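Peer 1: Below are the chains, spelled out letter by letter.
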Amino acid sequence: MIDGVIAIYIFMLAAFTGYEVIARVPVILHTPLMSGSNFVHGIVLVGAMFALFQAESRLEQVIGFIGVVLAAGNAVGGYVVTERMLEMFKASGQRKPAGGQH
Amino acid sequence: MSFLNPAVAKWIIDAAYILVAFLFIMGLKRMSSPVTARGGILWAGLGMLIATLVTFLAPAMMPTAAQHAATNLALVIAAIAVGGALAWWSGRRVAMTNMPQMIALYNGMGGGAAAAIAAVELYKGGDRGLAFTTLAVLGGLIGSVSFAGSGIAFGKLQGLIKRSLRFRGQQFLNVLILGGGIILGGLVATGVDASPGVVTAFFALALILGITMTLPIGGADMPVVISLYNALTGLAVAFEGFVLNNAAMIIAGTVVGSAGTLLTQLMAKAMNRSLSNVLFSGFGDTGGAATGEVKGSQKPIEASDAGVMMAFAQKVIIVPGYGMAVAQAQHKVWELAQLLQQRGVTVKFAIHPVAGRMPGHMNVLLAEAGVPYDLIADIEEVNAEFETTDVALIIGANDVVNPVARSDKSSPIYGMPILNADKARNVIVIKRGQGQGFSGIENALFYLDNTRMLYGDAQGAVNQLIHAVKSVA
Numbered sequence: 001m002i003d004g005v006i007a008i009y010i011f012m013l014a015a016f017t018g019y020e021v022i023a024r025v026p027v028i029l030h031t032p033l034m035s036g037s038n039f040v041h042g043i044v045l046v047g048a049m050f051a052l053f054q055a056e057s058r059l060e061q062v063i064g065f066i067g068v069v070l071a072a073g074n075a076v077g078g079y080v081v082t083e084r085m086l087e088m089f090k091a092s093g094q095r096k097p098a099g100g101q102h
Numbered sequence: 103m104s105f106l107n108p109a110v111a112k113w114i115i116d117a118a119y120i121l122v123a124f125l126f127i128m129g130l131k132r133m134s135s136p137v138t139a140r141g142g143i144l145w146a147g148l149g150m151l152i153a154t155l156v157t158f159l160a161p162a163m164m165p166t167a168a169q170h171a172a173t174n175l176a177l178v179i180a181a182i183a184v185g186g187a188l189a190w191w192s193g194r195r196v197a198m199t200n201m202p203q204m205i206a207l208y209n210g211m212g213g214g215a216a217a218a219i220a221a222v223e224l225y226k227g228g229d230r231g232l233a234f235t236t237l238a239v240l241g242g243l244i245g246s247v248s249f250a251g252s253g254i255a256f257g258k259l260q261g262l263i264k265r266s267l268r269f270r271g272q273q274f275l276n277v278l279i280l281g282g283g284i285i286l287g288g289l290v291a292t293g294v295d296a297s298p299g300v301v302t303a304f305f306a307l308a309l310i311l312g313i314t315m316t317l318p319i320g321g322a323d324m325p326v327v328i329s330l331y332n333a334l335t336g337l338a339v340a341f342e343g344f345v346l347n348n349a350a351m352i353i354a355g356t357v358v359g360s361a362g363t364l365l366t367q368l369m370a371k372a373m374n375r376s377l378s379n380v381l382f383s384g385f386g387d388t389g390g391a392a393t394g395e396v397k398g399s400q401k402p403i404e405a406s407d408a409g410v411m412m413a414f415a416q417k418v419i420i421v422p423g424y425g426m427a428v429a430q431a432q433h434k435v436w437e438l439a440q441l442l443q444q445r446g447v448t449v450k451f452a453i454h455p456v457a458g459r460m461p462g463h464m465n466v467l468l469a470e471a472g473v474p475y476d477l478i479a480d481i482e483e484v485n486a487e488f489e490t491t492d493v494a495l496i497i498g499a500n501d502v503v504n505p506v507a508r509s510d511k512s513s514p515i516y517g518m519p520i521l522n523a524d525k526a527r528n529v530i531v532i533k534r535g536q537g538q539g540f541s542g543i544e545n546a547l548f549y550l551d552n553t554r555m556l557y558g559d560a561q562g563a564v565n566q567l568i569h570a571v572k573s574v575a
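Those protein sequences? They're chains A and B, same order as listed.
Each residue of the first sequence is one higher than the last, beginning at 1 in this note's numbering.
Each residue of the second sequence is one higher than the last, beginning at 103 in this note's numbering.
The set of hints was computed from the structure by calculation and includes no laboratory data.
Predicted, not measured: the structure shown is a model, and the values here were computed from it.
Built from N, CA and C at the ideal position, the CB exists for glycine as well.
It is possible that part of the hints are untrue.
[Said to hold, decoys possible] Which stretches of chain A does chain B cover? Using the computed rule of at least three CB atoms under 8 angstroms from a CB of chain B, they are:
| id | segment |
| --- | --- |
| 1 | 5 to 12 |
| 2 | 19 to 26 |
| 3 | 29 to 37 |
| 4 | 40 to 47 |
| 5 | 56 to 63 |
| 6 | 75 to 88 |
[To be verified] Derived CB-CB ranges, DEER-like:
| id | chain 1 | residue 1 | chain 2 | residue 2 | range |
| --- | --- | --- | --- | --- | --- |
| 7 | A | Ile8 | B | Leu477 | 45 to 51 angstroms |
| 8 | B | Asp229 | A | Leu13 | 29 to 35 angstroms |
| 9 | B | Ile284 | A | Leu13 | 26 to 32 angstroms |
| 10 | B | Val110 | A | Glu87 | 37 to 43 angstroms |
| 11 | A | Ile8 | B | Leu121 | 19 to 25 angstroms |
Whole structure, please, built from the sequences with the hints as guidance.
Peer 2: Dropping the structure here:
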């Protein structure tokens, strides 16, 4: 394992980072941001891959397989829906200047 | 991949994960501002792609797994293909209105994956230190609760589970289940009894806890709950990251854990409820049959009259709610607003933070329809303006405009900040029928003297309004 004290440092600093990154978010972005952070914890995919790569018994392979399926669903689904939502936000943010020129 | 030296493989993976953590944090940062939000998800997506690809080098640093290496590699590829394809397909198809439950579903999958990692590690057994097993158990518990709870949240919002199950002693039962889970988890973590049977019972209890915790929570509170489970999944991922010694998981999971916690607090605050209140008191329990006694009657109006009223108004504020989302009426609503604007009417959209099923849900829908930002106001900006407004048009919103939240101390929504639509000179409410709203609380606004009810689904009613305004000419 990563050395105990270092691990706590990482944990603490990452927690502050998450707080700061979100602290000033406008209400209009709450849903996309929840969706976006939902996508980010899809990183569990790499953990599930590690677990399945290291599986030694049939049981471990079955659980590992389920884990990777679920994690891939989290990552891909999270990306697709977040991207779809934010695509619309881009359009409405840039429509006005663009509309003025046409 | 035996050509790769284990040390080199580890170095490449570690270096890539640092880059991935950077991309995730920058991505989230960009996602918190409307201007850069689109780029944000692309950054984070790139991070995920790099992380996934580089993890295929992992077998090169695992000498022990050689005997199953080929099978496991095939399983990994197949699992990613299956899970990814299903999620891609469903994510592309889902309507914007159903976004909250899809987020719940994908979030639950992440929690389930974290629990699966914990299960693999715990079934492996062996003495790997108290810190290792404790974190694996904690991550497994939280991940399982998030998995099962998110599934229930999905079922409720999708309409698969209609009623909120509540009975006496429910909290006590939940505490019992939690206690049992902690005891079994303790046995496993301390190595007193980490046999497969105990591990299985531990996960079973954790899953049951997720279900029983979520079942009594009403649909109106689901956004907060989904956000909470999102934060919990992040935490579970971070814990399993410690177990697997994986810095990318620790950092990304923790960032989501804390950001999600903050987001959950913001949402609960917008509803003027504490988190414990949401989790441990079923919505509507306080009021019982007594609420819903409102004097007066609901006065209907024809669409043509309502159209005329709006066409000759100076200022109209539109308050959208879940009814607009269900009817997919956002495009029609924007068409109506543009018609009014052409007549010189000032039009604004007033969004309550928890309108719909998720904070910002209405903003997403209005953005989809093409409504510019500057027409959309939130509760603090707009509340003072209702008094100078000729017509407040309520489209499928209910609790967020219910004045009993200001006056009736016995009401479950007492104290929740509301949009003061009742202060407008005229209020037109588009509503499907006379029944109560999602929370089951009678809405005093509908009985006011200056309120008129336009019955019908949002799409049809707004369409009639458009015709009515056009015919005024």
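Peer 1: It remains to establish, for every hint, whether it holds in the given structure.
Peer 2: Against the structure, the hints come out as follows:
1. 5 to 12: holds (count 3)
2. 19 to 26: Contact hint for the segment 19 to 26 of chain A vs chain B: holds, 7 residues under 8 angstroms.
3. 29 to 37: That given contact holds, which follows from 9 residues of the segment 29 to 37 of chain A lying within Cβ reach (below 8 angstroms) of chain B.
4. 40 to 47: The restraint on the segment 40 to 47 of chain A holds, since 8 of its residues have a Cβ under 8 angstroms from chain B and three suffice.
5. 56 to 63: holds (count 6)
6. 75 to 88: As far as the segment 75 to 88 of chain A goes, the hint holds, because 14 residues have Cβ atoms under 8 angstroms from chain B.
7. A:Ile8 to B:Leu477: 45 to 51 angstroms: The hint (45 to 51 angstroms, Cβ to Cβ) holds, given that Ile8 (chain A) and Leu477 (chain B) are roughly 48 angstroms apart.
8. B:Asp229 to A:Leu13: 29 to 35 angstroms: holds (31 angstroms)
9. B:Ile284 to A:Leu13: 26 to 32 angstroms: 29 angstroms Cβ-Cβ, so the 26 to 32 angstroms window holds.
10. B:Val110 to A:Glu87: 37 to 43 angstroms: holds (39 angstroms)
11. A:Ile8 to B:Leu121: 19 to 25 angstroms: holds (23 angstroms)
Taken one by one, the earlier hints all hold for this structure without exception.
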